[in-house]
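**Student:** Sequence:
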Amino acid sequence: MELYDAMVERFGHQQWWPGDTPLEVCIGAILTQNTNWRNVEKAIANLQAAGLLSISALLATPHEQLAELIRPAGYFNVKAKRLRNLLTVIHRDYGDDVEGFLNRSVSSLREELLGVNGIGRETADSIILYAAHKPTFVVDTYTYRILLRHGLIHGEDDYDAIKELFESSLAEDVELWNDYHAQLVAVGKNYCKPKAKCDGCPLEPFDHDPLAGTQDYQ
DNA sequence: GACCAGGCACATC
DNA sequence: GATGTGCATGGT
1 MELYDAMVER FGHQQWWPGD TPLEVCIGAI LTQNTNWRNV EKAIANLQAA GLLSISALLA
61 TPHEQLAELI RPAGYFNVKA KRLRNLLTVI HRDYGDDVEG FLNRSVSSLR EELLGVNGIG
121 RETADSIILY AAHKPTFVVD TYTYRILLRH GLIHGEDDYD AIKELFESSL AEDVELWNDY
181 HAQLVAVGKN YCKPKAKCDG CPLEPFDHDP LAGTQDYQ
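One point on numbering: in the numbering used here, the residue at position 66 of the first sequence is 66, and numbering is uninterrupted.
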């Protein structure tokens, strides 16, 4: 996949995730579910300003107050619950020590994250790759849409199939996988909208179909 | 005003 | 197992 080289040439190395601490990455991973990152930044800034960027502080905050603070990120009631679900699991065994929670095998961490109500495959993989800095490939709607438009997958390929495609094709390299996903998001944000032409896309057209990718993967 | 944004759980057939 | 729906703000 020389896709990667074309993307790096266009966008430069991305240096993801845009979050200062592992806890912020975990919070951002939940808040950005189906949501523009700009809105997530506002919500995290609210938490920061309220002095709540620690697990025990967040857990001590009533639902209504937490929901109000993260309101800009949308879905604020469900996301307040989802944050609490994750933080409760971490706190139960590790207190405020997020890094302690993250420091284990990918399979163990992924299994526990997926057991949290409100954390699905993309959110779990984002936390593993960008907060724990461990090798797992993150797939999202941009990844799916880009690959579909370029004829590299077909409609029946689901999350795990796409994840496996990358993980089996690339050297196992946390920094590479980190930047690769970030590059795909950059392409998606700038050139791969659901119902728009892809003018200026840095990727070769392959079997380019600008109408593909309007439906989500399963 | 329509469309879109770095998903996920749950109900129903 | 496949499909549909609720959740919600804010930028373009």
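Among the clues, some could well be false.
Unchecked claim - Lysine to aspartate or glutamate pairs mimicking EDC-like chemistry, simulated, CA-CA at most 16 angstroms apart: (1) 81 <-> 97; (2) 134 <-> 112; (3) 134 <-> 175; (4) 42 <-> 20; (5) 81 <-> 68; (6) 163 <-> 179; (7) 81 <-> 99; (8) 134 <-> 156.
By construction, these hints were calculated from the structure, which means they are not laboratory data.
**Student:** Take the hints in turn and mark each one as holding or not.
**Tutor:** A quick look at each hint next to the structure:
Restraint check: the Cα-Cα separation between residue 81 and residue 97 comes to about 20 angstroms, which exceeds 16 angstroms; the hinted pair is violated. The straight-line distance between the Cα atoms of residue 134 and residue 112 is roughly 15 angstroms, inside the 16 angstroms bound, and the hint therefore holds. Between the alpha carbons of residue 134 and residue 175 the distance comes to roughly 9 angstroms, so the proposed pair stays at or under 16 angstroms and holds. With a CA separation close to 15 angstroms, the supplied pair residue 42 and residue 20 stays within the 16 angstroms bound.
Only pairs whose Cα atoms come within 16 angstroms are accepted, and residue 81 paired with residue 68 is accepted, the gap being roughly 12 angstroms. Pair hint residue 163 plus residue 179 holds up; C-alpha atoms about 15 angstroms apart against a cutoff of 16 angstroms. This hinted pair does not check out: residue 81 and residue 99 have alpha carbons roughly 22 angstroms apart, beyond 16 angstroms. This hinted pair does not check out: residue 134 and residue 156 have alpha carbons roughly 28 angstroms apart, beyond 16 angstroms.
Comparing the model with each numbered hint stated earlier shows that hints 1, 7 and 8 do not hold.
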